[in-house]
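Colleague: For the protein sequence lines, the chains are A and B, in the order given.
So for the first sequence, my numbering puts the first residue at 2; every next one is plus one.
So for the second sequence, my numbering puts the first residue at 18; every next one is plus one.
For the record, the hints were derived by calculation from the structure and aren't laboratory data.
Since this is a predicted model, take the numbers as computed values, not measurements.
Where is the CB? At the ideal position from N, CA and C, for every residue including glycine.
Possibly wrong hints are sitting among the right ones.
To be verified - From the structure, some residues in chain A lie toward chain B, with a derived Cβ separation under 7 Å:
#, residue
1, Leu-92
2, Met-119
3, Leu-140
4, Arg-174
5, Ala-178
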Amino acid sequence: MATLSADNLTGLLIEWRAGDKTALDKLTPLVYDELRRIAHRYVRRERNGHTLGTTALVNEAYLRLAGTKNIAWNDRAHFFAATAQVMRHVLIDHARRRLYAKRGGQAQQVPIEDVSAMSEERADELVALDEALHDLAKLDPRKASVVELRYFGGLSLEETADVLDVSLMTVRRDWRAAKAWLYKAVNGE
Amino acid sequence: MTPERWQKVEEVLQGALDLPSQERVSFLDAACGEDDELKREAGSLISAHDEAGNFIEQPAIAEDAHILLGRSVGREVGPYTILECLGSGGMGEVYLAQDRRLDRPVALKILPAYLAADDARLRRFQREARAASALNHPNILTIHEVGEHEDIRFIATEFIDGQTLGELIASGNLSVDEIVEIVSQVASALSAAHAAGIVHRDIKPENIMRRSDGLVKILDFGIAKLVEHETPSTFPNIKHDARVQTEVGVVMGTVNYMSPEQARAVEVDKRTDIWSLGVLLYEMLTNRLPFIGATRMDALVSILEREPAALFVDDSKPEIRSLQKIVDKTLRKNRNDRYQTAEDLLRELKLVTNPSSLGLSSRSSSSRLTIQHAKSRKGLMMMAFGALVLVLVGGAIVFKGWISHPQTNIAAAPTGTLTTKAYLQMSGAEQLAFISEQEQRVSTMMGDRPVKLNDEALRAIKTYVDRWVERDGQPGDLGDESLNVVYTRAQSHVPLITRSFAARKVPVIIGIYLPVIESAYRNCYENSIGAKGLFQFLPQTARQYGVAHEEMCDVEKMAPAAAHYIADRMAELGEDSQSVTLVLLSYNRGPESVRDDLRELRDTENYQRNFWTLFAHRDKLDEQFRKESAGYVPAFFAAAIIGENPKAFDLPMPPLSSLANL
Numbered sequence: 002m003a004t005l006s007a008d009n010l011t012g013l014l015i016e017w018r019a020g021d022k023t024a025l026d027k028l029t030p031l032v033y034d035e036l037r038r039i040a041h042r043y044v045r046r047e048r049n050g051h052t053l054g055t056t057a058l059v060n061e062a063y064l065r066l067a068g069t070k071n072i073a074w075n076d077r078a079h080f081f082a083a084t085a086q087v088m089r090h091v092l093i094d095h096a097r098r099r100l101y102a103k104r105g106g107q108a109q110q111v112p113i114e115d116v117s118a119m120s121e122e123r124a125d126e127l128v129a130l131d132e133a134l135h136d137l138a139k140l141d142p143r144k145a146s147v148v149e150l151r152y153f154g155g156l157s158l159e160e161t162a163d164v165l166d167v168s169l170m171t172v173r174r175d176w177r178a179a180k181a182w183l184y185k186a187v188n189g190e
Numbered sequence: 018m019t020p021e022r023w024q025k026v027e028e029v030l031q032g033a034l035d036l037p038s039q040e041r042v043s044f045l046d047a048a049c050g051e052d053d054e055l056k057r058e059a060g061s062l063i064s065a066h067d068e069a070g071n072f073i074e075q076p077a078i079a080e081d082a083h084i085l086l087g088r089s090v091g092r093e094v095g096p097y098t099i100l101e102c103l104g105s106g107g108m109g110e111v112y113l114a115q116d117r118r119l120d121r122p123v124a125l126k127i128l129p130a131y132l133a134a135d136d137a138r139l140r141r142f143q144r145e146a147r148a149a150s151a152l153n154h155p156n157i158l159t160i161h162e163v164g165e166h167e168d169i170r171f172i173a174t175e176f177i178d179g180q181t182l183g184e185l186i187a188s189g190n191l192s193v194d195e196i197v198e199i200v201s202q203v204a205s206a207l208s209a210a211h212a213a214g215i216v217h218r219d220i221k222p223e224n225i226m227r228r229s230d231g232l233v234k235i236l237d238f239g240i241a242k243l244v245e246h247e248t249p250s251t252f253p254n255i256k257h258d259a260r261v262q263t264e265v266g267v268v269m270g271t272v273n274y275m276s277p278e279q280a281r282a283v284e285v286d287k288r289t290d291i292w293s294l295g296v297l298l299y300e301m302l303t304n305r306l307p308f309i310g311a312t313r314m315d316a317l318v319s320i321l322e323r324e325p326a327a328l329f330v331d332d333s334k335p336e337i338r339s340l341q342k343i344v345d346k347t348l349r350k351n352r353n354d355r356y357q358t359a360e361d362l363l364r365e366l367k368l369v370t371n372p373s374s375l376g377l378s379s380r381s382s383s384s385r386l387t388i389q390h391a392k393s394r395k396g397l398m399m400m401a402f403g404a405l406v407l408v409l410v411g412g413a414i415v416f417k418g419w420i421s422h423p424q425t426n427i428a429a430a431p432t433g434t435l436t437t438k439a440y441l442q443m444s445g446a447e448q449l450a451f452i453s454e455q456e457q458r459v460s461t462m463m464g465d466r467p468v469k470l471n472d473e474a475l476r477a478i479k480t481y482v483d484r485w486v487e488r489d490g491q492p493g494d495l496g497d498e499s500l501n502v503v504y505t506r507a508q509s510h511v512p513l514i515t516r517s518f519a520a521r522k523v524p525v526i527i528g529i530y531l532p533v534i535e536s537a538y539r540n541c542y543e544n545s546i547g548a549k550g551l552f553q554f555l556p557q558t559a560r561q562y563g564v565a566h567e568e569m570c571d572v573e574k575m576a577p578a579a580a581h582y583i584a585d586r587m588a589e590l591g592e593d594s595q596s597v598t599l600v601l602l603s604y605n606r607g608p609e610s611v612r613d614d615l616r617e618l619r620d621t622e623n624y625q626r627n628f629w630t631l632f633a634h635r636d637k638l639d640e641q642f643r644k645e646s647a648g649y650v651p652a653f654f655a656a657a658i659i660g661e662n663p664k665a666f667d668l669p670m671p672p673l674s675s676l677a678n679l
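Model the full structure from these sequences, guided by the hints.
Modeller: Here it is in structure tokens:
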């Protein structure tokens, strides 16, 4: 795995926040590796009956990648946001390929084994959620961010508030409204 | 809906949600007034809110972690259903699976195809694995089945729900008590296995697990035997994981736990396990490895020749001295000087009285023991130096690989005090003159008109030669072992190479030095990018030249293909050595990559058709070629000069060109 210096990571995160799309491309493989690690630990502990905060794991991932003790709060917040976004991309991409394969896309390009791990229902659900989230982002970007951080990034309400630099109360209210909105969009008429 | 409209809807929604549900209807009526649309929108969202329940409350990872982990979940392999991927490595992937017949969890190791294909070896492994399992020792993992399903070979074992020693070390929470306990349990298992004539051969943190109740289990008995004496591509521990990262940013795979006899590729016995366990003990106590290096080869050199730094600075406590003594005795280069049995080791571990009185939890920051700097500094310098040399010599070129050849036994080569050190005894000016003269000779052999080199080029070669032979005033510290290894191993391929290259009318000397340079310090291994090692190819190039992906580390297949490739490129780009050099550099980038550079170079004034034009005009090359050629050309000549003058450089072999009758 490529190693990043703290400066590099910070730099990439800043570029990404500034809208440089290639920065996320560079971040993705690193973050993805970490996501796999997190997933691995998650599954293990889950089986052992421990519940665990994804936040703690993401934090750990950040520490490992940045390799520094002096973590600027901003960097960490950006890292959390990047992780959530990469997770979303990975899952939605997977779900779309799953549905594509199912709908008789060119089977050759999508090995069935690659996609069969995700149920069709789940794939449908994720794709619908993703689309609804895109719509929500147009109406109310902060609420979409709250959902992305919480649902795809696994952050708690408190961490989400921290990352977005808003009050806990605001996140609570955003969350309940967004959840209702998305639920309706996904399941409604 | 517009954002403004949504703002309004949300305002009503939030207002309603702040109230108890029975009051919401009247609130809605009041808040929306005549705006029925607003009322309907807000109303439906309130219902959605009430119905949503757990919707998206669990993070996606809870449901989809397995998506990130792999594709095999749910798959059935014989009577086992795969539940989850536990990890993967050079030896294949390991899954948690459910045995449907006995309804119990098992760990399922799926062997990679290259191992599964060899029945004889598989049977040997099976015998050994079963034998170890049959010992029924509590610290040895029980094997349920070695089986086959469709084309898949697998090993089903007891499933250990715990952490590997690697994870435990990384977590940094091991106390000295725990460390002694873990090592004792491992020693106990080894003692039983050794008594039955079984050697593990691959004791390392990933092969040892501790359950939550503290019981330690050794995994993978017999596995090491399965992979040893294999074709170059499957040399054990080839996985270059980034697990071990030292303070100077050095990354190593699992070569770190190899014993000197394994490093020399000689027959091993039970004492090799004792060594590896000593490395483990050292690592757990100090959180660092006793033997490290920037590359595989450098780490091997370290194992063969260097003494590890003392465990702790402060050795005034008797317990520390006991541990130091134990570590020292497990890490004796000569196996006759080690503990001869795991029981001896176990006995001494028990004598480490009350280790908790050391007052250290080995990694709690306040009581962390610092390594003795005075003693380790030289080691670090050597390591850094070694890293530099290898980066320059090995890394300057793209190709890396270390020919592993069963017949060559490097221990049989004379080592230790070697008498001929002609080069080292020369003055600097004499060395330059020697290099100049030798360069001309090598150029001639390559079919190149010798040119008078400028000082820059000469010094560039000299830098490499110096680094290759540099011993820092201490015989045997660095360099000679690795050179021995590389040349001795390359030597055995010379007849094949000679045949292949002569058949394609490519200067044979190129065929010889190419693998010498490419194969410095690393064994051949394949990945999706290509073969890293002897005659490195891109997979598509290999295919084009009739070499299947899995044959890319097979010298018999690669040497003719490489000769063919070079001959084709020479026909296309020119036969001058300038072109050839670029062709060699293009090896793992495909022919397209050289064309523009060559065109550019030929537009250069004073373009001469020889190797050194490339070096002199490297600014004309693209970024990557520039980097590669700045090192490649002088390194190539340095290797050639060293290989041609084995006596001056203490190599136990004849000049390479004499092997090819040049």
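Colleague: None of the hints should be skipped; say for each whether it holds.
Modeller: For each hint, the structure was consulted:
Interface restraint check: A/Leu-92 against chain B, minimum CB-CB distance 6 Å, threshold 7 Å, status holds. A least Cβ separation of about 6 Å between A/Met-119 and chain B falls short of the 7 Å threshold, and the interface hint therefore holds. Interface hint status for A/Leu-140: upheld, as the beta-carbon distance to the closest one in chain B is roughly 4 Å, under 7 Å. Because the smallest distance between the Cβ of A/Arg-174 and any Cβ of chain B comes to about 6 Å, under 7 Å, the interface hint for this residue holds.
The restraint placing A/Ala-178 at the interface with chain B holds, with a minimum CB-CB distance near 5 Å, inside the 7 Å limit.
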